[in-house]
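Peer 1: These are the residues of each chain, in order.
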Amino acid sequence: MSKHPSSFTPKGLYPAKTKWITTISLLVVLGFYLLSSFKTDSFIVNFFVKLPNVFGLISDFFPPDWSYVSSIWPKLFETIHIAIIATTVAVIISIPFSLLTANNVTTNSWLYQGMRFILNIIRTVPDIVLAVVFVGLFGIGAFSGIVALIVFAVGILVKLMSEVIETIDMNPTEAIRASGGNTLQTISFAIVPQVLPQFISFSLYVFEINIRASLVLGLVGAGGIGQLLNTQINFMNYPAVSTIIIIVFAVVVVIDYISSKLREGLV
Amino acid sequence: MAKELTLPEKPKSKIKLIKRITILVALVLIYTWTFTSINIRWDVIFSERTLDNFDRIIPKFFQPAIDQTGSIMEMMFETLFIAYTGSLAAAIIAVPLAFLCASNMVKNKFLNNIGMWILGGVRAFPEIVLAIIFVAAVGPNPFAGVLAIAIGSTGMLGKLYSEVLESIDMNVVEALEASGANKLQILFYGILPQVLPEFLSYAIYRFEIDVRASSVLGIVGAGGIGTLITFAYMNRNWEEVGMILLVIIITVTIIDQISGFIRKRLV
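Going down the list, the sequences are from chains R and P.
Here the working numbering is used: the first residue of the first sequence is 21, the next is one more, and so on.
Here the working numbering is used: the first residue of the second sequence is 36, the next is one more, and so on.
Mixed in with the good hints there might be a few duds.
[Claimed, not checked] Subject to a maximum C-alpha distance of 20 Å in a straight line, what follows is the list of computed SDA-like cross-link-like pairs (lysine to any residue):
#1 R/K39 x P/Y224
#2 P/K194 x R/K70
#3 P/K194 x R/I142
#4 R/K179 x P/L59
#5 P/K194 x P/T286
#6 P/K95 x P/L280
#7 R/K95 x P/A159
#8 R/K179 x R/S223
#9 R/K95 x P/W68
#10 R/K179 x P/S138
#11 P/K54 x R/G201
#12 P/K51 x R/Q218
#13 P/K54 x R/I278
#14 P/K45 x R/G201
#15 R/K281 x P/V141
#16 P/K54 x R/L216
#17 P/K54 x R/S280
#18 R/K59 x P/E44
#19 R/K70 x P/W68
#20 R/K179 x P/S294
#21 P/K47 x R/L286
#22 P/K194 x R/S280
#23 P/K47 x P/L59
#24 R/K281 x P/K54
#25 P/K299 x R/S45
#26 R/K59 x P/M108
#27 P/K194 x R/I278
#28 P/K194 x P/N270
#29 R/K59 x P/T286
#30 P/K95 x P/F112
#31 P/K51 x R/K70
#32 R/K281 x P/I53
#33 P/K299 x R/L46
#34 R/K281 x R/L224
#35 P/K95 x R/I142
#36 R/K281 x R/I220
#37 P/K54 x R/I220
Honestly, the hints are just simulated from the structure, not real lab data.
Please construct the entire structure, taking both the sequences and the accompanying hints into account.
Peer 2: This is how it looks when you write it as C-alpha cells:
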C-alpha cells in the first residue's frame, strides 16, 4: 500500500489577493449601502410597512377617467412636436460639432480637447434643469422646452457621432483622393456612406430619448403633456393622472417600437 | 481609332426607389403637421422682455451663491445616497429577471417573453413619472426617490444583463454538467465568473445615470437636490440656481471619472 507523501489540498481557485480585494470592496459597498439607507430612510422594511399605502393608492388611481382623454390629445401632440423639432435642429447642429470632436478629422489637439470639455459639461446638466433655465429666459411655453431639448440632444448626439467618425476606415478616403476626387467627392463617397446609417440610427435613438424627456418638461412649465400632469396631480385628480400615465406609456411604447424597427432595418 | 468608353449602368432597383419615396412623403407629412400645428408665440419670445431676462439672469449665473454651499452640498449628498441605494437595489433585482429573459438559461419561449415584457414595460416609464407615482404612494420623502430609481433602473439593467447572459460560453456550463455538478455549482463556477465583471460594470454605469436622474427627482418632491432647484426657481433666485448647477456639474464629472476608472479596471 502506497501512501502519498503529502496529500494535495487545493487552496481555492482565486489567489489570496483577489479574495482580499473582493472582500474589502464588498464590505465598502455594504457599508455605504447601510449609510445611505439610513440617510434616506429607505430600508427594505419600509417598503413592506408602506405596502398598504401602495395598495390604497392603486384603488385611488383606478379606474382611469377615460372621459379625460379628449383633453389630453392637444398637449400630447404638442409634446411630440417639441420632440420632432428639437431632434431635427439638434441633428443639424451636431453635424459640424461631431466633426470637430472626432480626432481623425480635427487634428488640432487644443480644439479637439476644448470641444470635448465643453460637451462633457453640457452632458452633465440634467434636461429638466436646462428647461428651468430656459423657462426663466424665454418664459413659459413650448419654445423653452424645444431649446432645452436641443441643448440636451446635441450633447448626446455629438458624443455618439464623433465616436462613429473616429472609427471609420480612412482607406477609401485615400483611394478616392488618389484617383483624383476632390474634397467634396471624398466626403460624399468615402465618409458619408460609412457614417450615414449610424447617423440616422442615432438620430432616431435621440428622438426616443427626447420623447421621454419632453413628456416631463411640462412639470417646470416648458410645454407639453407634463403641464397637464402637474395640474392634475396638484388637484389630486388621480383617475385623470392615471389616464395620462397610461397614454404616455402607450405613446412611448409605440414610438420606441417603430424607431427600433427602423433602426434594425438601417444598421 | 478611339473606342467609345461605356460605363456599366448604375444598379437600380424599383423597390428601393419606392421605399425612398415613401420615406420622403412620410417625412414631409410629419414635418408639415408639426410646423402647422405647433403653437409658438414668436412675438413674446423676441421681445424686450426676453432681452431684459437675458440681461438680468445670465450675469447672476456667474455670481453663484457661494454662501449657500453648505446646504446645497448636504442635498447633493442626499441625491448621491438616493442614487446609490436605488441602483444597488436595481442591480440585485435585475439579476433574476435577466435569468428569466435569457433564452439560454430558461429554455421556455413563453417565460422569456414574459420577462421581456416586464422589463420593456418598466423601461417605458420615465423616472420622473415613477417618482410622481411613488410620491403619491409613500409621501414626499427620499424613499420615494429611491423606489423610483430602483424600479426605473431595473428595466435597463435587466435587459443589459440578459444580453450578457446570452453571450456567455455554454461549453463551460456543459463541461460542469457532464462532470456531475449540480445547478448551484454550475451557477457559481460556470456562469457567474463569466458574467460578474460585466454585470458590475453595467451597474456602475447605471449608477452614473442615476446620479443625474435623482438630481431632478426633487422637482416632484422625491428628495435630493431637485427640491432646492424648485425653491430657487420659484423665488427667481438665480444665484442659487447657478450654484446648484455648479455643484451638480462638478459632482457628476467626478462620479463619471471614478466610475470610468473602475469600469476600465473591471472589464
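Peer 1: Can you name, in rising order, the numbers of the hints this structure does not satisfy?
Peer 2: Numbers 2, 3, 4, 5, 10, 11, 15, 18, 19, 28, 30, 31, in rising order.
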